[in-house]
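Participant: Residue strings, one per chain:
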Amino acid sequence: MGSTRNNIIVLGLVVVLIGVAAYLIFLRQPVTQATQLGLDLQGGVSAQLEGSQTGGGNVSREEMEQASDLIRQRIDRLGVAEPDVRVQGQDQIVVQIPGVENPDEVIDIIGRTAQLGFYQVLAFEQNPNTPSDEIDAVQNELEEDLRDDDAFRRGETKILFEESPAFQGSGTDVTGYVVREQPDLTGEELRQNGANVEFDPTSNNRIVTLQLTNEGGNRMADLTQEIINEAAVSGEPGLMAIALDQDVQSAPEVQAVLSDQISITNDSLPGGLPEDEARQLETVLNTGALPVNMEIISQTEVGPTLGLSSLRSGLTASLVGFALVLVLLVVIYRALGLVAALALLIYAFLMWGIIVAVPVTMTLPGIAGIVLSIGVAADANVVIFERIKEEVKRGRTPRAAIQAGYDRGFRAILDGNITTLITAFILFALSSGSVRGFAVLLVIGVILSMFTAVVVTRALLGLLSGRGVHLSPGMMGVSKSSVSAERPAGVR
Amino acid sequence: MFPGVDFVGKYRRWFAISGVLLALGLLAVALGRLEFGIDFQGGAQFTATEADRQLTEQEVTDALPPGIAEESVVTTLGDDGYEVRTPVLSEQDSQEVQSLLAEALGAEVSATSVSPAFGEQIRNQALQAVAAALLIIVAFISIRFEFSFAIASMVALVHDVLLTIGFYAAFGREVSLVTVVAVLTVLGYSLYDTIIIFDRIRENAPTVGYNRRRFDEMVNVSIRQVIRRSIYTSIFTLIPITALLIFGESTLSDFAFALLVGILAGAYSSIFIAPQVLSLFKAWRAGSARRAPRSA
Numbered sequence: 011m012g013s014t015r016n017n018i019i020v021l022g023l024v025v026v027l028i029g030v031a032a033y034l035i036f037l038r039q040p041v042t043q044a045t046q047l048g049l050d051l052q053g054g055v056s057a058q059l060e061g062s063q064t065g066g067g068n069v070s071r072e073e074m075e076q077a078s079d080l081i082r083q084r085i086d087r088l089g090v091a092e093p094d095v096r097v098q099g100q101d102q103i104v105v106q107i108p109g110v111e112n113p114d115e116v117i118d119i120i121g122r123t124a125q126l127g128f129y130q131v132l133a134f135e136q137n138p139n140t141p142s143d144e145i146d147a148v149q150n151e152l153e154e155d156l157r158d159d160d161a162f163r164r165g166e167t168k169i170l171f172e173e174s175p176a177f178q179g180s181g182t183d184v185t186g187y188v189v190r191e192q193p194d195l196t197g198e199e200l201r202q203n204g205a206n207v208e209f210d211p212t213s214n215n216r217i218v219t220l221q222l223t224n225e226g227g228n229r230m231a232d233l234t235q236e237i238i239n240e241a242a243v244s245g246e247p248g249l250m251a252i253a254l255d256q257d258v259q260s261a262p263e264v265q266a267v268l269s270d271q272i273s274i275t276n277d278s279l280p281g282g283l284p285e286d287e288a289r290q291l292e293t294v295l296n297t298g299a300l301p302v303n304m305e306i307i308s309q310t311e312v313g314p315t316l317g318l319s320s321l322r323s324g325l326t327a328s329l330v331g332f333a334l335v336l337v338l339l340v341v342i343y344r345a346l347g348l349v350a351a352l353a354l355l356i357y358a359f360l361m362w363g364i365i366v367a368v369p370v371t372m373t374l375p376g377i378a379g380i381v382l383s384i385g386v387a388a389d390a391n392v393v394i395f396e397r398i399k400e401e402v403k404r405g406r407t408p409r410a411a412i413q414a415g416y417d418r419g420f421r422a423i424l425d426g427n428i429t430t431l432i433t434a435f436i437l438f439a440l441s442s443g444s445v446r447g448f449a450v451l452l453v454i455g456v457i458l459s460m461f462t463a464v465v466v467t468r469a470l471l472g473l474l475s476g477r478g479v480h481l482s483p484g485m486m487g488v489s490k491s492s493v494s495a496e497r498p499a500g501v502r
Numbered sequence: 002m003f004p005g006v007d008f009v010g011k012y013r014r015w016f017a018i019s020g021v022l023l024a025l026g027l028l029a030v031a032l033g034r035l036e037f038g039i040d041f042q043g044g045a046q047f048t049a050t051e052a053d054r055q056l057t058e059q060e061v062t063d064a065l066p067p068g069i070a071e072e073s074v075v076t077t078l079g080d081d082g083y084e085v086r087t088p089v090l091s092e093q094d095s096q097e098v099q100s101l102l103a104e105a106l107g108a109e110v111s112a113t114s115v116s117p118a119f120g121e122q123i124r125n126q127a128l129q130a131v132a133a134a135l136l137i138i139v140a141f142i143s144i145r146f147e148f149s150f151a152i153a154s155m156v157a158l159v160h161d162v163l164l165t166i167g168f169y170a171a172f173g174r175e176v177s178l179v180t181v182v183a184v185l186t187v188l189g190y191s192l193y194d195t196i197i198i199f200d201r202i203r204e205n206a207p208t209v210g211y212n213r214r215r216f217d218e219m220v221n222v223s224i225r226q227v228i229r230r231s232i233y234t235s236i237f238t239l240i241p242i243t244a245l246l247i248f249g250e251s252t253l254s255d256f257a258f259a260l261l262v263g264i265l266a267g268a269y270s271s272i273f274i275a276p277q278v279l280s281l282f283k284a285w286r287a288g289s290a291r292r293a294p295r296s297a
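Note that the protein sequences, when read in sequence, are chains V and W. Residues in the first sequence are numbered from 11 upward in steps of one, following this note's numbering. Residues in the second sequence are numbered from 2 upward in steps of one, following this note's numbering.
Bound conformation, chain V alone:
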């Protein structure tokens, strides 16, 4: 066993660590802010998105990084606090946004690929004033009709829909447009930060203006010229559909050749485009199109009340469990138990310090991991103390018994903990999200418990048994009658 000097060094180190932990938890910032809470504990939105290529090819890591940057920018522009956007695995992005007030808007905006396309409208059909529960059915009907139209050619054209609040009357105007498969002009021709929310000077309606590049302007001129020409031949009004992804935003009638200035309007509403819609449009257009298609594969919204009550019950459980374990340790092992209880308290405090320092985001499974690690930490002491008691019963002095107990117990603890670490590492490597949080806390808990339950208690007991303090068998929970009487039978 280490000398008294070594023991003092170990305990000095513990005091320093406690000091550092206390600084991190209480002094560096207000204690309520010290611990990062996961979405399940404080409420918020989290979504997992999967990227894919339109043609079905592989998505590269670079494209995913690019996409996650764009998504982060979009969320930042919404003015939401501290989003966490990460690429995970080959083709997934995890977005976590704590404490959002309008989760639906956020979810809506992050997944948009925002491919802007301008199309010449080849044919269209409208069903005005559709009640909201019939939209799907009406879309199917319109699709049927349009497929019969002469302008529809399988493989070369597609049908896009526009839904806008009814121009007159109530409900929704649903319009189907037959357009070419590929857009005649895409959002790549949009100038940097070329989308702006503005007001139409004549009607004072809210519009979104688009500023195209010079080349884009030329191509737009060609496209609009063509639309006008064809309209003159057919006698029907020539429309141009402006679509974001597969949704037509507006389909104005082209009356003059346009160049590099386009605007998206909605004159059917009294004030033009609704404010939030215009702002979303501006955001997704200016941050640019995502390089790949994004699909939301899982999505979670946790309300703040649910989060708070989960946190409360998790903490209650941990504290009650912890307190009972401390009491039981002292009851069973007396003086030894007192030392172990002290070590467990140190363990808990240092654990909190690490959670703040790393920082680990606390989630429900994380709390479960901590609760479990309390048991593991207590066990290391139980293994050693049982050994010590055995040695005391064989008639050894407390000092010699403590030494033997640690020497012999340590190997079992080490082997046992390594298997736990293996499971935790595999969990970490193969899983994601909250399961990872659990694995991380379990690893930290196991390693830290080896330190506090083996090194720290040993140093404490070393000092206790060496400094003229007389540890009687009774103080270690060994009854007098069993000393030397119960020699382990058999193999020696």
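No lab work stands behind these hints: they were computed from the structure. Remember, it's a predicted structure, so these values are computed and weren't measured experimentally. Hints are supplied without guarantee of correctness; some may be wrong.
Away from chain W, derived, C-beta distances all over 10 Å, residues of chain V [unchecked claim]:
hint	residue
1	Ala388
2	Gly405
3	Arg418
A few chain V residues that face chain W, going by a derived Cβ cut-off under 7 Å, partial list only [stated by the list, open to error]:
hint	residue
4	Asp114
5	Glu115
6	Val392
Note that beta-carbon positions come from the ideal geometry of N, C-alpha and C, so glycine has one too.
We have chain V already, so just place chain W on it with the hints.
Facilitator: Leaving out everything else, chain W in the frame of chain V:
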């Protein structure tokens, strides 16, 4: 402790106890009682907390939009909580359900949705994790102890995991991602517990020679030496877990339930299954080693 109990010799008795419990649990699984949550099959789940109005499950179902209501499962959580599970919904439908529920219950509604493809991915990940963990741990134990110890601990481990799953099914708890974490934790704990006993056997084992009677007696002694520790540790671990079971929300309590069963099973198997399998395996190998030269 337990000086009169023949742990090794009475292996048939211990195996029978486990066998009955395992059979009951696996029967529950076979009867399709194992309920998979949306994490594994995709779908949407809405959770309402601190509802102002007390509604019956039927009333909650009636509040849902027609078309979705028929396919939904409503459960009450505690006094003022409700949970509604539906198949995969469109973004629009999901928002509608969320606002209808919030209105009907006067509560805050949290929503989760998982696509079926993602559920499948999660399931594969979980299976991979378990397989990888088993392989690496067999290798580790074979190196630190011997192969026969690895075999015995694997049997104990499979026993614990199957028992946990069986009880989970019998009590109709819902299998979610958290359950997988719990099972993996049980796996870790079960091994840990077994290894503490094996460590004592390794320490007590004579370096040369194998004699079945002597070996079995030595295992008995080893178990007696560590059984008190096993009991204490199980108690120490079960206390915080029981607290989780009592105070925890539905997810946490599912997790705690799996741990509770798994840890009890782990404590039992490390004393009544693993050492016995080790002893039987050793005896079988010694027997076949003796027969081999004769037949050659």
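Participant: Give a verdict on every hint.
Facilitator: Hint check results:
{"no.": "1", "hint": "Ala388", "in the structure": "4 Å, violated"}
{"no.": "2", "hint": "Gly405", "in the structure": "17 Å, holds"}
{"no.": "3", "hint": "Arg418", "in the structure": "7 Å, violated"}
{"no.": "4", "hint": "Asp114", "in the structure": "6 Å, holds"}
{"no.": "5", "hint": "Glu115", "in the structure": "11 Å, violated"}
{"no.": "6", "hint": "Val392", "in the structure": "5 Å, holds"}
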